[in-house]
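Participant: Top line first, the protein sequences correspond to chains A and B. Note that numbering that gives the first Met the number 0 has the first sequence beginning at 0, numbered continuously upward. Note that numbering that gives the first Met the number 0 has the second sequence beginning at 0, numbered continuously upward.
No wet-lab data here; the hints were simulated from the structure. Do not take every clue at face value.
[To be verified] So, partial list: chain B residues that the calculated Cβ filter (under 10 Å) puts toward chain A:
1) R408
2) Q448
3) I451
4) Q452
5) L454
6) Y455
Ideal placement from N, C-alpha and C gives every residue a C-beta, glycine not left out.
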Amino acid sequence: MIPVLLIVIPLLSGLATFLIKQEKAAKTWSLFASLITLVISVIGIAVVKDKAALSANLEWLPMLGSSFAVTLDGMGQILCLLTAVAFPMIFGATWNATYKNAKNFHALMLLSQAGLMGVFLAYDALLFYFFWELALIPAYFLCSQWGGERRIAVTIKFFIYTFVGSLFMLIGIIYVYFHTPGQSFALEDFYKAAAALSAKEQNWLFWTFFVAFAVKMPIFPLHTWQPDTYEQSPTATTMVLSGVMVKMGLLGVIRWLAPVLPMATWQNGDTVGLLCVIGMIYASIIAMQQDDLKRLIAYSSIAHVGLMCLAIFVTSEKGMQGVMIQMFNHGINVIGLWIVVELIERQFKTRKISELGGLAQKSPALAILLVVVALANVALPLTNAFIGEFLLFTGVFTSTASKMGPVFTAVAALSIILSAVYTLNMIQRVFYGNTNQLTANAREIRTNEKLVLGILVVAILVIGVYPKPFLELSQGTVDAIMSKMINKHPI
Amino acid sequence: MNAIVISAIWGVIMMFCGAFSKNNAAIRATAVLGIVLVFVVNLMELYGTKLFTINTTGMLAFDNFGLLFNAIAIGCTIAYFLLNGRDMEKVGLHYAEYYALIFFVLAGIFISSSFSSLLMLFLGIEIISIPLYILTGADKRNLKSNEASLKYFLMGSFSTGIMLMGICLIYGARGTFNIEQIALGTTTLTPMIGAGLLLLMFSLAFKVSAAPFHFWTPDVYDGAPTVFTSFMATIVKAGLFVAFIRLFEGAFDAMQPQWQTLMAIITAATLIIGNLTAVFQQSVKRMLAYSSIAQAGFMLFALVAMNGTGKEGLLYYTLAYSVPTIGIFAILVRMKDYTFEGFNGLAKHHPVLAAVTTIFLLSLAGIPATAGFMGKFYMLSAAIQNGHVMWLVIVGILCAAISVYYYFRVIQAMYFKDGDPQELETSGFHKGLLILMAAFVVLIGIFPQWLIQMLYNFF
Numbered sequence: 000m001i002p003v004l005l006i007v008i009p010l011l012s013g014l015a016t017f018l019i020k021q022e023k024a025a026k027t028w029s030l031f032a033s034l035i036t037l038v039i040s041v042i043g044i045a046v047v048k049d050k051a052a053l054s055a056n057l058e059w060l061p062m063l064g065s066s067f068a069v070t071l072d073g074m075g076q077i078l079c080l081l082t083a084v085a086f087p088m089i090f091g092a093t094w095n096a097t098y099k100n101a102k103n104f105h106a107l108m109l110l111s112q113a114g115l116m117g118v119f120l121a122y123d124a125l126l127f128y129f130f131w132e133l134a135l136i137p138a139y140f141l142c143s144q145w146g147g148e149r150r151i152a153v154t155i156k157f158f159i160y161t162f163v164g165s166l167f168m169l170i171g172i173i174y175v176y177f178h179t180p181g182q183s184f185a186l187e188d189f190y191k192a193a194a195a196l197s198a199k200e201q202n203w204l205f206w207t208f209f210v211a212f213a214v215k216m217p218i219f220p221l222h223t224w225q226p227d228t229y230e231q232s233p234t235a236t237t238m239v240l241s242g243v244m245v246k247m248g249l250l251g252v253i254r255w256l257a258p259v260l261p262m263a264t265w266q267n268g269d270t271v272g273l274l275c276v277i278g279m280i281y282a283s284i285i286a287m288q289q290d291d292l293k294r295l296i297a298y299s300s301i302a303h304v305g306l307m308c309l310a311i312f313v314t315s316e317k318g319m320q321g322v323m324i325q326m327f328n329h330g331i332n333v334i335g336l337w338i339v340v341e342l343i344e345r346q347f348k349t350r351k352i353s354e355l356g357g358l359a360q361k362s363p364a365l366a367i368l369l370v371v372v373a374l375a376n377v378a379l380p381l382t383n384a385f386i387g388e389f390l391l392f393t394g395v396f397t398s399t400a401s402k403m404g405p406v407f408t409a410v411a412a413l414s415i416i417l418s419a420v421y422t423l424n425m426i427q428r429v430f431y432g433n434t435n436q437l438t439a440n441a442r443e444i445r446t447n448e449k450l451v452l453g454i455l456v457v458a459i460l461v462i463g464v465y466p467k468p469f470l471e472l473s474q475g476t477v478d479a480i481m482s483k484m485i486n487k488h489p490i
Numbered sequence: 000m001n002a003i004v005i006s007a008i009w010g011v012i013m014m015f016c017g018a019f020s021k022n023n024a025a026i027r028a029t030a031v032l033g034i035v036l037v038f039v040v041n042l043m044e045l046y047g048t049k050l051f052t053i054n055t056t057g058m059l060a061f062d063n064f065g066l067l068f069n070a071i072a073i074g075c076t077i078a079y080f081l082l083n084g085r086d087m088e089k090v091g092l093h094y095a096e097y098y099a100l101i102f103f104v105l106a107g108i109f110i111s112s113s114f115s116s117l118l119m120l121f122l123g124i125e126i127i128s129i130p131l132y133i134l135t136g137a138d139k140r141n142l143k144s145n146e147a148s149l150k151y152f153l154m155g156s157f158s159t160g161i162m163l164m165g166i167c168l169i170y171g172a173r174g175t176f177n178i179e180q181i182a183l184g185t186t187t188l189t190p191m192i193g194a195g196l197l198l199l200m201f202s203l204a205f206k207v208s209a210a211p212f213h214f215w216t217p218d219v220y221d222g223a224p225t226v227f228t229s230f231m232a233t234i235v236k237a238g239l240f241v242a243f244i245r246l247f248e249g250a251f252d253a254m255q256p257q258w259q260t261l262m263a264i265i266t267a268a269t270l271i272i273g274n275l276t277a278v279f280q281q282s283v284k285r286m287l288a289y290s291s292i293a294q295a296g297f298m299l300f301a302l303v304a305m306n307g308t309g310k311e312g313l314l315y316y317t318l319a320y321s322v323p324t325i326g327i328f329a330i331l332v333r334m335k336d337y338t339f340e341g342f343n344g345l346a347k348h349h350p351v352l353a354a355v356t357t358i359f360l361l362s363l364a365g366i367p368a369t370a371g372f373m374g375k376f377y378m379l380s381a382a383i384q385n386g387h388v389m390w391l392v393i394v395g396i397l398c399a400a401i402s403v404y405y406y407f408r409v410i411q412a413m414y415f416k417d418g419d420p421q422e423l424e425t426s427g428f429h430k431g432l433l434i435l436m437a438a439f440v441v442l443i444g445i446f447p448q449w450l451i452q453m454l455y456n457f458f
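Working from the sequences, and respecting the hints, build out all of it.
Facilitator: Given below as structure tokens:
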């Protein structure tokens, strides 16, 4: 019942938001709805221990062997929690922003939340594909309607990019479907399909799935839509895209690719790993050159996601565990960074690093909060990202499946150093130094904005010191996935 | 049989109606009454009640596939009549005759969906084509309409000639017109059967506007009065597809390995040419003409795959393609400016129309939760199940991605671009019907179950 509620509540409340006339009421209503979703997801994690209540299987298309099967497993719990946390944060942080047609904006935001929840919960391939595409449609309208100057061209590029990827995945899904015992779209039957697929088939199927997920994450060289889209989207939508939506790709690999085609995953692991590290270094170097805050964070995000993807493909338990916790951490950290960008842009109408400076003198609270979030972005000890990235690196380094483990580790570590360079440089140039004309009259951020950022900072520190509950949450999923992947190793 | 007889009779009734009544509302009501009647009698036959027992000496065979298709075609025509009834008045003075011609076309479609002799195929296709030549030229004072009509007539008669030649060759080789007897024992391609098969394939490909026989389509669809374009591009095209698949499944199924590659090439060419050319159009009407070529490419998947999934899929696709296209044309026909710019800012002044158009376009693009997705899903499944044409599947999805570009251009114009929207008269009834159709598209997109159930029950 819980997973159905997690999808239905944002969906219905989103549709209802279209009908609300006043702007204020639409904002309050959507914040309220997202808080309800948050409460339900917390109940699903902390209170309900009964497995049956955490999954549902309703009849949908019995003729085709597809059903409305949703399950809240360990990975689902982490990602649903992230989604449920992200939306109230975003609504809270953008409370003072004004959007034309605010009701439509909030309605579409809630609809995209419903789509995301569906992706994270679906245990049926056709249903997964449905939600995968449906999460995209509201995002398309959000970016095209409320984005920057070049929004229309950029968004259609984003849309077509992801649509092509998705269609390749659809081919893969249908092909695997015809090889499942009894022709079914259910996840457990997909896990059995590998037996009926030859190594060659598995190999090309692997790429049909991977393209879809790689576009979404994004992995070099399929990342070119991402910086433009992040830059042109309204920041609230960028938060959804980079904080939550990239996790769709990671979840796709972990749930729908690695265990379904374990042989091919193992075979192509090093190729994908290579793409990941190239992307990490490449994105980090470009991030160093950026003057626009949004583009800087966009490229930084490519580097971080690349590391997570790398850790999945080296097939080690520690790495997988790291991915689970880092998916959540990266989500809240990057949302924190976007909130800061949003606050700066709203006040100064610019995102250019070169035009800002000395903000810390005028707005100390913002500076302190940003520094913590930024340090988490660099994965400093005591922050949440340290735990995640430490596990990721240990996983990659000690991997027995990949011979390239130490090389990957060395190159990937370089990108962490680079990330420290551009992040600290950004802090220094935006927040320290002397004020200029533009920033001389800067004012302190509002209470609600402080509150949202404050909660984020507390979460960052708490998870950084005490990550155990999270690790326990995902242990079950990690074990299940690893058993499916490692069995197929010819070692 | 029920539907053929009633629709032919009602065509004659409509002609008399025009002679005796000048009241357009009465004519419209008679036509709607007639089409509903045809729907009912077709359903009766589907459930086993035959009103007429006519010995056709095995030239017509009424199976569930054909009857189910008829039901879909008639259902779409009902929606078409209700939406476009008033717009047909504006085409010319012969209001009742337009309805009469459409009823004759329907009779032709019903013959094409139930023939089992090549002669009946020829007859059915000619009964479809000749009224269409007239409807294309219905706007008599418009040069473009005249040009389209003449072009269509010349090209159409040429392809009919080719079809007759094909039929003759097949007859010469097998000594029969009956498609089941043609199929018996023909597993190898003799030169004569091969030549006949090719000629039949080309002429039917011409009729469904498959590339490289598509050149007439954009000009004819663009030149014809918009109300009739809507009818030609949807219901008629689907009818011809059913004839196509009936012929090739019935007569040439065993030889499929020999002609599959050629059919796949035609399909790929149709997809690529249709989609790429649609990208460069400035007029939404012309874009829809190319889009209809592109969508025909997807329907051709059923012919390439030639399996149960494909046949089921063709029925589903007919609905998933026709309903949105009729809906978009019903809005387009009331606009004065057919260019993409004409749609600028539509969302602000006609939010309901913009919203339903968006749903129709999303369906044509094949986005999940609309009927179009399930249609494409079926077609891709059919081809993947067949297994020999994976390259065509790849071409198909790349083309589907291209189609997003031009369908979304309309959405972009409506929602994201400012402009003075043109005046657009709509009535509450018109809007309500469009909303119903949009809801239907979403409903069978999310719950295709009842439709699929129906298909399974009758197969």
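Participant: Evaluate each hint against the coordinates.
Facilitator: Okay, the hints, checked on the actual structure:
1. R408: Since the shortest Cβ distance to chain A is 8 Å, the answer is holds.
2. Q448: 6 Å, holds
3. I451: Where the cut-off is 10 Å and the nearest Cβ of chain A is about 5 Å from I451/B, the hint holds.
4. Q452: 7 Å, holds
5. L454: 9 Å, holds
6. Y455: 6 Å, holds
Hint compliance for this structure: no hint is broken.
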